[in-house]
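*Asks:* With the hints as extra help, turn the sequences into a complete structure.
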Amino acid sequence: MKARFVLRASTPWWRGPLLIAAAALLTILISAIMIRWAGGAPIPAVRYMFISPLQSRFGFTESLLSATPLVFTGAAVAIAFRAGYWNIGAEGQLLAGTIGATWVGLHAESLPRIVGVTLILLAGMLFGALWALTPALLRTRLGIDEVVTTLLLNPVALLIITGLLNGPWRNSESGFPDSDVIADSTKLWIIWPNTRVHFGLALGIVIIGLCWWFVGKMSGGLKLRAVGLAPNAARIAGLPVERTLLTTALVSGGIAGLGGASEIAGVAHQLTTGISNNFGYTGVIVATLAALSFIGALLVALMFGVITVGSFSASRALEIPSQIGQLVQAVLLITVVSALVIQKYRIVWTTKKSEGRK
Amino acid sequence: GGNSGSSDESSESDGVLSVVAAYSSVIEEPWDGVIHEALQEMADAGEITYKYIDGIGYASGAFERAVRQIAEEDKPAIIMGDSFGNEEAARKVALDYPDIAFVMGSGGGPAEPNFSVFDNWIHEPAYVSGILAGSLTKTNIIGIVGGIPVPEVNRIVNAFIAGAQSVNPKVEAKVAFINSWFDPAAAKEAALSQISAGADIMFAERAGVIEAAAEKGLLSFGNQMDQKSIAPQSVVTSNVWNMRPTVKYILNQVKAGSYTSQDLKDFSMVAKGGALLAEINTGVTGGIPAEVVAKAEEAMAAIKAGTLRVDINEAVPAGSVTK
Amino acid sequence: MIDVTEEIISSSLRIATPLALAALGELVTEKSGVLNLGVEGIMYGSAFVGIATAAQTGSLTAGLIAALVSGALAGLIFAFTTVTLGVNQHVAGLGMTLLMISLCNTANRIMFTADGGQVRVDPWQPLNFGGPIFSQYLLTYATFLVAVPFVWWLLWKSGLGLKIRAVGENPEAADVAGIGVAKTRYTAIIIGSLFMALAGAFITLAFVGTFTVNIINGRGWVALALVIFGRWTIGRLLIGAALFSLVNAGQLQLRLLPSFADVPFEILLALPFLAVIVGLAISGRNVPYPGAYLKPYKRL
Amino acid sequence: MNSVEGVAIASRGGAPSIFLRNITKAFGETIALSDVSLDLRAGEVHALLGENGAGKTTLMKILYGLSQPDSGQIEADGVVLKIESPRDARAAGIGMVTQHFSLVKNMTVIENIALASAKTFAIDLAKVRAEIVAASARFGLDVPPDAVIASLPIALQQRVEILKALMSGCSYLILDEPTAVLGPNDIDSLLEVIRRLRSDAGIGIVLISHKMAEIEKVADRVSVLRRGQVVSSSLANGITSKELVTLMVGEQQSGAEQRQRSASPSQSPILVLESVGVSREAGGLSDISFTVRPGEILGIAGVSGNGQTELVNVLSGTTQIDSGTITVEGHQLGSNTPQSLMRAGVGILGEDRHASAVHALQVVENLILDCVEKFAGKFQLRRKEMLNHCESAITQFEIKANPKQAFGTLSGGNMQKVLLARLFSRKPKVAIISQPTRGLDVMATNYVRSLIAQASKQGTAVVLVSEDLDEILELADRVAVMYRGSVVGIVDHTAASRESIGELMAGIAK
Ligand SMILES: Nc1ncnc2c1ncn2[C@@H]1O[C@H](COP(=O)(O)OP(=O)(O)OP(=O)(O)O)[C@@H](O)[C@H]1O
Ligand SMILES: Nc1ncnc2c1ncn2[C@@H]1O[C@H](COP(=O)(O)OP(=O)(O)OP(=O)(O)O)[C@@H](O)[C@H]1O
Ligand SMILES: [Mg+2]
Ligand SMILES: [Mg+2]
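Protein chains in written order, with the numbering used here: chain E, 2 to 359; chain V, 284 to 606; chain C, 202 to 501; chain R, 7 to 516.
Just so you know, not all the hints are guaranteed correct.
[As the list claims (entries may be wrong)] Pair ranges (Cβ atoms, derived):
hint : chain 1 : residue 1 : chain 2 : residue 2 : range
1    : R       : D358      : C       : K496      : 11 to 21 Å
2    : C       : K496      : R       : Q79       : 29 to 39 Å
3    : C       : A263      : E       : G217      : 54 to 64 Å
Rather than coming from a laboratory, the hints here were simulated on the basis of the structure.
All residues carry an ideal CB built from backbone N, CA and C; glycine is no exception.
*Replies:* Here it is as structure tokens:
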């Protein structure tokens, strides 16, 4: 037997959701196997991982907090991908943002808080955009593929942070490779009293809203979509393709960098070598799972926040490895992305060649 | 992380205290491994219930989230762990849960009302290891590969060098830091380059170094745990950190209701059994002369008796250190 | 004292081994028009599977075989998603990397580190043919004496290589010539994955004899950079690997000197990545990408 | 219509040996082939005719395994062939030269030919070379074995394609519009090759072409496809060209009235190109000079691949010029970016309608893509105005579409109308129109041509690039002929004829 994929003439509306549900089920099944192997009970594990964080104020707000950086990177990746600019460098851009933010945070003693906060966010955004500049210029000026260039700048950003933290920014008290704590005037406001949910989340949601509105409603957004869907057609219609790509790349980098600043100013309050728990790479997953829709990215980011918090709970309650949380995210990516493609095809099974001859 | 240990869920039934640990690194990394081992032993003995979460790392907000989750969801009597690199977060949470005893590996001081600190004060056995190394080296070059040059690492490395130079002033110590807490491949490569620079004795402050020494047929010294099993023909001895005295002390305090925040440094020193020198392994390649073993044991006894004080030097020992 | 330059060269060869292997694998894959960003993950997976099997069976050879099998399987999954389904290659590749890393970390915890232990084997020892330079692991010799000529022959002399290059340049043309595009890409991806698996296995089974989280530590990304730095040719790829390894080995020696104690060596480690970017900028519009780079092919 | 089996006697070739039976194929909602049956004989040239989009290529792709039919089967000598890939087809002795060449551009001739037979391990390029030399001699197809494909002229590339197919040992050879890309001389030598292959090597050939003259010269048998169905299949000498044309397009004959050409236009030129040159990497144009007046149509003729595409790219701003100047309405352009050209009043209809619009966007969005700013409100696009604009275009240009429909779901003719509506609603002073009727049926073709004529009547200067010489002769006031990247002659319509232009196209200097 041999399988052949044949493009469907039309896709009934329910096929997409059905296949995605199947993908989610497959993910849960694979995770359940791992959980069983680890000696845990799969059903409670799934409950701990996906549901219990939503049942307490603490779990919910911590999920929001975990989701915050992913809201930024998800939006950053989604807007770039919508323009057909394959920015795999949100990780590096976020890290660059943390560098900019920390730099401001360490030098902004005795400013009014509103000024301090504005400065630290601007610095993050600026550094993120700057980090995105080189690959964007290479792409738009020389036609050099951005997938690899954006990707390869990620480890560079991390090495720069390591260099800074082992050198000039080494903690002046403990000697540890983490920076001193940033000035109080640059710390973000807590927006939900007695939790850790900070202004960064609100900012992230605003960014999502802006992206959604810009891409969907504004003339620039129509241009961006046209460039992403068919760059040659856009060029023939006289749209400034290169400029659109360059601007989008910088905006994408700026959003990722802003996400970095939000982490520094909102939660961490200091730079550490491990500041980003793959937030940028996860942003690619978030945007892809959301099929590049911004509202979708927000929801997927929240779901990942829940899984992050939930897998810690499951881990302690059921005594299974907490690494399973990451595993679920990776499996979900592969199954859902495959489902999104498969829904467009019909699988035709053909028998072996030899049987074909009469 | 996950755990084994008692199945008892409640926090204080029949006097069994519940302890939950939060480790920045993974439990196979020796620093956290020492804490984990001590707690696991207590749990196996039925004295506590024990759970842990490890590999939390240094991502923004992660450690604080883990500790808060533990405090909220498990409500244990004691939270242990290492707050190095997550100092701010750990202390903030402790303030919010004054009824829980926070006992953290830390470079800072204790904090009212409930934040106690401990650390691996194994510079004393390191000094004695140094005596052995200084006596055994033929090239007079000793290689040391450390993690990150923070005070708690520096003092062990400096004590090791001081010990070596106390018996052999010609000793030159080559020190390299891999700028990571756990990267055996990098540590091994650094060790190999020191060996090529003439080092014939290796001090494995971090994992990965013993393997290099063993491959080249050289002698080595372990750290944190007794690491003889990695390469019995190579490991002379190890500077062992023992968390059991600390854990026992804390359990008694909490049980008695007399827990207060404090610096638990003493419980990790030789005098109280918190630091020791692993049994000297005379079976290494080439053997160890009896008089060298005697010298080391003598020094160890002197430390126990309080007649030998090992200086605490937390300056960064960079490059090549000669007397 | 042993000659330092000789030792630096020896150390470079060791450092270069997994990089060269992984880069060769990525080269074969990319020549077929597919970018495999799963290289880091495939190395991670084989590093773990290799040592886990070796520890369970007590045989390093069994470990190596298992590592190769795991590499082939990972390659197969990657090929299915990108070639058969036509999923974005970069998304599928990143997904593969995240999947393998999280899968292996979980399995490692379940199998070996649940009580604080660590998986260990007696690794392969270097074979000494005299002097530090010729004291290397068998796999290092094999990499430079067998794998490099093999890949060169495969890509530029064999029929399969011709097919791989044709499929990577112009899949429509190859299809019309009767070459199974999907089959050829599957083959290239799996051969490539086998090399990546060798690279991963080298680290655990030969170099460190143990497995720890983050064991690959970005070597996959370096391999990716080397392929582009090498402009998809073996000679330049090897030059890139040699330069990077020399810099890396050299900095380890430099760290021993007191005057270099405060030098931020991270900058040196960032060099291969920066070199690629600068190299691309200099070549300008003349970067010899495979013609069908990143493009899925589907016949209607 | 003649039945397929009815005319088997007296044929040049033997008994039919490959049958295509009841082939049906649909792409989404487009039915490309419906219940098509055809038979091929060895030693016979079988011409396949039909309008663009009739299904010729699709049918042959199915025979060659590049596409799978939805139903129907292929038989040889009473045995059903399972052709699932070109490999299967070649095993069955079928070879094909596709409309767009299937050569790996930066490989050599040897490598390209070796590809087809490459085994997995050993590969002996020296042997392949010797085989190429032998086969060249045998079939009279000279090729330089060591040359890189990209460096060869189109006619030679085609020869490599044919040789490649022959060397794989095929006894049936499909040639899809092989003459479309050739100049008259090259066409003649190709036809000679076809005759030789048929007579000397006994090869059965399927020849797809739009050119009656060629069919008359070499075809033994002619089949006509219309809208995915075989409407006729008969011996060539039993049917006239006129009858064939009627069969192809149906009864409604091309009723386009001749364009009335203005007597010598007095206005000064609005578009002036002076010595425009483009580097080799960007396509290679040299020393292009011409002028166009308001209301004038300048036709650009030439065998495809002689720089017409590049010229259009220059005038749309997607290829930058390296030398020379472009002047619009007396203002010399600093650089020819799409924006500067549009600002100067130049509008464009690209040669590939699929590449000129965004399939996934709606008709209304595509329609305003070149003037998005006009509909930009303060906070968002003014959807209502966009829709109004679209509705009126739909009415004015007789477009069969719904504004919110995705552009990609339109039929080719309607796509073309949307793009023309986009072009003309800017009221351009100069319209660059490339291959406007490619792939359109007769009705749509006539409509599009009348739109162009109408625009010129209203004073628009038109540069009309077309591979269809008749279209140019029908519409253009003057014809510029391109050969190897330059303009080799500009002929007034009064002096223009198929012959005079054909010679220029072939590079035969007067
Ligand atoms: N890949 C495809 N997807 C959708 N529709 C297609 C595809 N290929 C062909 N078609 C449609 O099928 C029909 C037949 O096309 P085909 O290419 O066979 O025509 P043709 O007779 O060869 O035309 P031409 O003279 O232009 O070469 C057309 O309507 C065409 O648009
Ligand atoms: N290159 C292509 N890419 C995507 N779709 C295509 C392509 N070519 C053809 N199609 C699809 O095939 C269908 C027919 O296209 P084609 O250009 O042949 O027009 P047509 O149906 O022949 O037009 P008309 O009915 O006006 O003659 C359209 O729905 C179009 O979307
Ligand atoms: Mg058509
Ligand atoms: Mg055709």
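*Asks:* Now tell me if each hint is right for this structure.
*Replies:* Taking the hints in turn, this is what the structure says about them:
no.: 1; hint: R:D358 - C:K496: 11 to 21 Å; result: 18 Å, holds
no.: 2; hint: C:K496 - R:Q79: 29 to 39 Å; result: 32 Å, holds
no.: 3; hint: C:A263 - E:G217: 54 to 64 Å; result: 57 Å, holds
Hint violations for this structure: none, all hints satisfied.
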